[in-house]
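Chains as they are written, first to last, in our numbering: chain A, 1 to 115; chain B, 1 to 117.
Bear in mind the hints are in silico, worked out from the structure with no lab data behind them. Ideal Cβ positions, reconstructed from N, Cα and C, are used throughout, including at glycine. Be careful, since some hints might not be right.
Here are some, though not all, of the chain A residues that point toward chain B, as calculated from beta-carbon distances under 10 Å [unchecked claim]: (1) Val4; (2) Gln6; (3) Gln39; (4) Ser42; (5) Arg43; (6) Met45; (7) Ile46; (8) Ala72; (9) Gln102; (10) Tyr104; (11) Gly106; (12) Gly108.
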Amino acid sequence: AQTVTQSQPEMSVQEAETVTLSCTYDTSESNYYLFWYKQPPSRQMILVIRQEAYKQQNATENRFSVNFQKAAKSFSLKISDSQLGDTAMYFCAFMKPSAGNQFYFGTGTSLTVIP
Amino acid sequence: EAQVTQNPRYLITVTGKKLTVTCSQNMNHEYMSWYRQDPGLGLRQIYYSMNVEVTDKGDVPEGYKVSRKEKRNFPLILESPSPNQTSLYFCAAPRDRGPGGVFLKEYFGPGTRLTVT
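Construct the entire structure; sequences and hints are all you get.
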């Protein structure tokens, strides 16, 4: 089974500052996808950003960017200019197409943005 | 609008009383799955289905059943619920195909909060 590890159960950041959430994964696959999902208090799971393993360029989505280190099997999420609405649980996830779209999630990092 | 719906959103029941959580998607996808979310454990897959009448166990299938008699519906069945099945449950279906037909996003329903006393 694939494993996804998020070693930071809780983090906090001042509004407008930058914060980085860590994620590592373990796989022997060469073709896979990595994701960050956000879960606000409403409990809805929202896709934040996606990274294809075959792409060397790090994905970015507005204030969200990733640092994808394939050799180190590391996939961190950077949130710039943090906003109060970024307060949420963040989950790192791994998917390998060879397993028919099966997703594997980390245990989550609870982020609090402090006004 | 693409949707994954679940019912009920909240359910409190007693040990041993059979229950079903329904899930429906309007995206005409073959693939659907069920997850449970527990504090400190993240989301864990219970069962998934690759197509009608094709289901398979995920990481934590014990105590659960599923059925897939039609493409749009994928109910989760607890034949004899126990307190350790108290959890937040999500149904999901993929969206947005990428290269090679790979689905690039797991689209989640709103969640069902289940409490078993």
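Checked hints:
1. Val4: 8 Å, holds
2. Gln6: Hint on Gln6 of chain A: holds, closest Cβ of chain B at ~8 Å, below 10 Å.
3. Gln39: Constraint on Gln39 of chain A satisfied, holds at 8 Å.
4. Ser42: 8 Å, holds
5. Arg43: 5 Å, holds
6. Met45: 4 Å, holds
7. Ile46: 8 Å, holds
8. Ala72: 21 Å, violated
9. Gln102: 6 Å, holds
10. Tyr104: 8 Å, holds
11. Gly106: 5 Å, holds
12. Gly108: Interface hint status for Gly108 of chain A: holds (5 Å vs cutoff 10 Å).
Hint 8 alone, counting from the list given before, is not met by this structure.
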